[in-house]
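Participant: Generate the whole structure from the sequences, applying the supplied hints.
Protein chains: 2
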Amino acid sequence: MIEIEAALQLIADTARQLAAESLPLSDVAGHVLAADITSDVDSPPFDKAMMDGFGVRSEDFAAGIRQFPVVAQITAGTSFDETVQPGEAVQIMTGAPVPSGIDAVVMVEQTSQAISGGDAVVTMEAARCLPGQNILKRATAMSVGETILPTGRVIRSEDIGVLAEAGAATCPVIRKPTLAVLATGDELVDVSSRPAANQIRNSNGPMLASLARELCSNVADLGIGVDDREQLAALVQRGLSYDVLVLSGGVSAGTRDMVPAVLQELGVEQVFHKVKIKPGKPIWFGTRTGPGTVNSWVFGLPGNPVSSMVCFHVFVAPLLLRLAGCDPQQRQLSAQLARDHSQRPGRTTYWPSRLEWTDDQWLVEPLDWKGSADLKTLAAANCFVVFDGARDTFRTGDAVPVFCMDNG
Amino acid sequence: MIEIEAALQLIADTARQLAAESLPLSDVAGHVLAADITSDVDSPPFDKAMMDGFGVRSEDFAAGIRQFPVVAQITAGTSFDETVQPGEAVQIMTGAPVPSGIDAVVMVEQTSQAISGGDAVVTMEAARCLPGQNILKRATAMSVGETILPTGRVIRSEDIGVLAEAGAATCPVIRKPTLAVLATGDELVDVSSRPAANQIRNSNGPMLASLARELCSNVADLGIGVDDREQLAALVQRGLSYDVLVLSGGVSAGTRDMVPAVLQELGVEQVFHKVKIKPGKPIWFGTRTGPGTVNSWVFGLPGNPVSSMVCFHVFVAPLLLRLAGCDPQQRQLSAQLARDHSQRPGRTTYWPSRLEWTDDQWLVEPLDWKGSADLKTLAAANCFVVFDGARDTFRTGDAVPVFCMDNG
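One line per chain: the protein sequences are Y and C, in this order. For reference, each letter of the first sequence is one residue, going 0 to 407 in numbering that gives the first Met the number 0. For reference, each letter of the second sequence is one residue, going 0 to 407 in numbering that gives the first Met the number 0.
Do not take every clue at face value.
From the derived model, a few chain Y residues whose C-beta atoms are all more than 12 Å from chain C [as the list claims (entries may be wrong)]: (1) 11; (2) 42; (3) 84; (4) 116; (5) 117; (6) 230; (7) 269; (8) 390.
In silico contact screen, one side only, chain Y against chain C (beta carbon under 8 Å); selected entries [as the list claims (entries may be wrong)]: (9) 77; (10) 139; (11) 160.
It is worth saying that the hints were derived from the structure and are not from the lab. Cβ atoms here follow ideal geometry from the backbone N, Cα and C, with glycine treated the same way.
Facilitator: Okay, here's the thing in structure tokens:
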């Protein structure tokens with residue numbers, strides 16, 4: 000039996016970033032960039048009007064001129080290739096290119112317009128007109144060849160705009176892992192079945208699959224493997240065609256727990272079995288090595304629903320993040336205990352709890368949890384308090400580490 | 000021009016929860032429950048062994064008996080229907096039903112086993128054996144008919160286990176909205192095209208679509224509508240077949256900004272135009288009413304990329320959450336300014352900034368942002384500081400409201 004930190008290190012030691020792939024811009028959010036993205040354009044590509052209004056030479060305004068003939072009307076998507084002469088103005092729309100000669104745009108609200116002898120004339124009512132006003136200079140935001148997002152960056156939806164502007168119609172990103180879930184146990188029936196007296200529904204498979212969908216590109220729920228060696232071996236074989244295989248059940252010391260043997264038969268080597276964590280002690284982890292490199296990562300999680308949830312968050316999620324090229328963030332924060340708590344000392348314990356931000360601090364209340372099969376209380380939890388196994392008593396107001404459920 | 004709060008209220012006033020639909024358990028995470036979910040089973044369905052070991056009568060142990068004949072072997076998925084007699088033991092696996100007569104399970108590690116005359120005999124080496132030990136009583140976690148998750152609850156992946164256990168193979172959930180994005184402007188070209196001198200790529204469309212995918216069930220990027228009335232009307236018509244239509248561009252005061260007119264023609268009534276927010280002032284919002292109820296919500300967002308991002312987060316996201324049955328959370332927190340900041344007083348300003356948790360407080364640094372077309376600096380931001388329009392100077396250490404980018 001090893002410590003949690005040692006187990007995490009052993010898992011990390013087997014991990015590598017998966018290969019890069021090229022995805023269209025509509026699909027890249029949430030992926031990690033596999034190469035620097037550089038711009039192939041200046042942005043803005045021209046000196047650009049930031050307001051609807053009239054472009055003039057600021058020195059004309061400074062010289063006291065207020066009435067200007069309007070020599071052109073420039074909208075976004077059009078241009079005016081001549082140089083505007085002293086004493087002239089152009090009408091210009093937001094986003095349109097500012098023509099040569101013009102160095103200031105006066106908002107339309109600070110002007111009045113008239114037609115005089117068939118020609119448009121604008122009168123400036125603005126109090127001032129400074130050089131550069133309401134104009135964004137070419138390449139202010141980005142210039143050709145500049146790196147706009149670096150390798151390793153997790154792409155957010157907010158970044159899609161800058162990628163589009165830079166011309167990245169497709170992006171090289173790290174592939175996200177694929178994952179298969181297989182629940183094992185003769186006592187399990189599918190969620191759509193009515194369990195007989197000695198049966199329970201398979202709750203782990205659908206839950207683990209749903210958790211995995213938040214971090215993987217493709218998740219298969221392989222259903223239920225009963226304790227029949229041949230059928231189990233066929234399902235495990237199928238599961239090994241995914242990057243990660245998560246089994247639940249069949250890892251404790253029962254006589255019919257044949258999962259480790261089947262895995263060994265199929266070339267999966269054990270990395271560790273049993274970790275000093277509560278719940279989750281019987282967790283099993285192994286890998287299968289292909290030509291020169293690990294090509295399957297396999298977890299055997301305890302059949303108990305809360306154990307398998309805790310093990311997914313603590314052990315599986317960080318691996319999935321590493322495979323996708325992310326650095327797993329520390330998901331623990333410190334909070335004040337809202338009530339006393341006592342335990343039998345031993346393993347580090349993850350206790351379902353409710354975390355809340357109150358005024359200026361995090362307050363966490365360990366829930367009245369009936370033990371490892373109590374999924375209903377778990378539904379009210381949004382975190383786990385991580386109780387140090389060396390202590391038996393924790394007091395209201397103690398600072399305790401809290402593990403949040405959200406991924407990423 | 001109205002205040003931000005007034006605009007949010009006007010949007011909320013038009014919102015309603017969309018209809019319920021029934022989805023399979025694999026698809027419900029992230030949806031809001033449209034009805035209470037009750038259990039059709041007791042959990043556990045029987046008194047259940049929590050350890051691999053030997054079941055005995057604790058009163059036998061209390062009476063000093065340590066050696067027991069093993070009368071049955073019970074694994075998960077099997078059962079033993081006879082009552083175990085005084086002086087007898089059963090071997091039992093984790094998850095298996097505890098037979099009548101037995102009231103305690105001693106862990107296998109605290110026993111030794113032998114075969115005597117062909118019959119298995121177990122010797123207890125445990126120091127104690129208390130009534131109920133290592134047994135989870137029937138219905139401890141949930142009982143038939145009990146509500147396990149209430150109407151209105153946002154379903155997390157962690158909840159899928161309890162839903163499966165309770166037999167909810169499908170769940171009634173509030174439908175998530177569908178949304179179409181249409182960028183407008185003669186100056187726009189698709190991301191895959193090389194822009195000519197007076198053109199820019201459509202960065203808003205792909206970005207808004209990506210943001211919307213985080214909150215919608217189906218998002219269509221309708222591409223670019225040029226400033227041609229007929230073509231624009233056809234695209235808007237198509238966009239109105241979605242719950243929400245988000246237009247970007249074409250809402251400022253330019254002469255060719257024909258979007259509001261086209262919308263009116265198609266039966267979309269204006270709710271408001273212009274809000275005291277920077278960036279984002281020209282935002283337009285309207286609805287189309289079907290038989291008795293609003294059936295299309297339409298936003299006209301400014302063409303400027305940062306404005307459209309801010310407007311999406313501040314105005315569009317809360318509507319999408321309401322349509323999906325969620326109560327939009329307050330996404331503002333308070334942080335300390337990491338450097339001085341000054342501005343021209345006027346509208347409330349959302350300034351791209353970097354928020355970090357340092358020791359025991361949130362620290363926020365307004366970024367050196369070159370203005371509304373500067374997407375590159377925006378890529379380094381993870382929040383906006385909301386600067387009060389009534390002030391012109393903010394000092395290092397001031398507490399300021401911060402608007403986080405993440406949805407939900």
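Participant: Taking the hints in turn, state whether each one holds.
Facilitator: So, going through the hints one by one against the coordinates:
1. Even its closest Cβ contact with chain C, about 23 Å, leaves residue 11 (chain Y) beyond 12 Å, as expected for a residue assigned away from the interface.
2. Annotated as non-interface, residue 42 (chain Y) brings its C-beta within 12 Å of a C-beta of chain C; the closest such distance is 7 Å.
3. Here residue 84 (chain Y) stays apart from chain C, with its beta-carbon at least about 21 Å from theirs, past the 12 Å limit.
4. Even its closest Cβ contact with chain C, about 21 Å, leaves residue 116 (chain Y) beyond 12 Å, as expected for a residue assigned away from the interface.
5. Against chain C, the non-interface label of residue 117 (chain Y) holds: every CB pair exceeds 12 Å, the least being about 18 Å.
6. No beta-carbon of chain C is positioned within 12 Å of the beta-carbon of residue 230 (chain Y); the least distance is around 14 Å.
7. In this structure residue 269 (chain Y) is separated from chain C by more than 12 Å, as the shortest Cβ-Cβ distance comes to about 20 Å.
8. For residue 390 (chain Y), the shortest C-beta to C-beta distance to chain C comes to about 23 Å, beyond the 12 Å cut-off, and the non-interface label holds.
9. Against a cut-off of 8 Å between C-beta atoms, the interface hint on residue 77 (chain Y) holds, since the closest Cβ of chain C lies about 7 Å away.
10. Of the supplied interface hints, the one on residue 139 (chain Y) holds, with its beta-carbon coming within about 5 Å of a beta-carbon of chain C, less than 8 Å.
11. Among the interface hints, the one on residue 160 (chain Y) holds; its C-beta lies about 4 Å from the nearest C-beta in chain C, closer than the 8 Å criterion.
In the structure shown, a violation is registered for the earlier hint numbered 2 alone.
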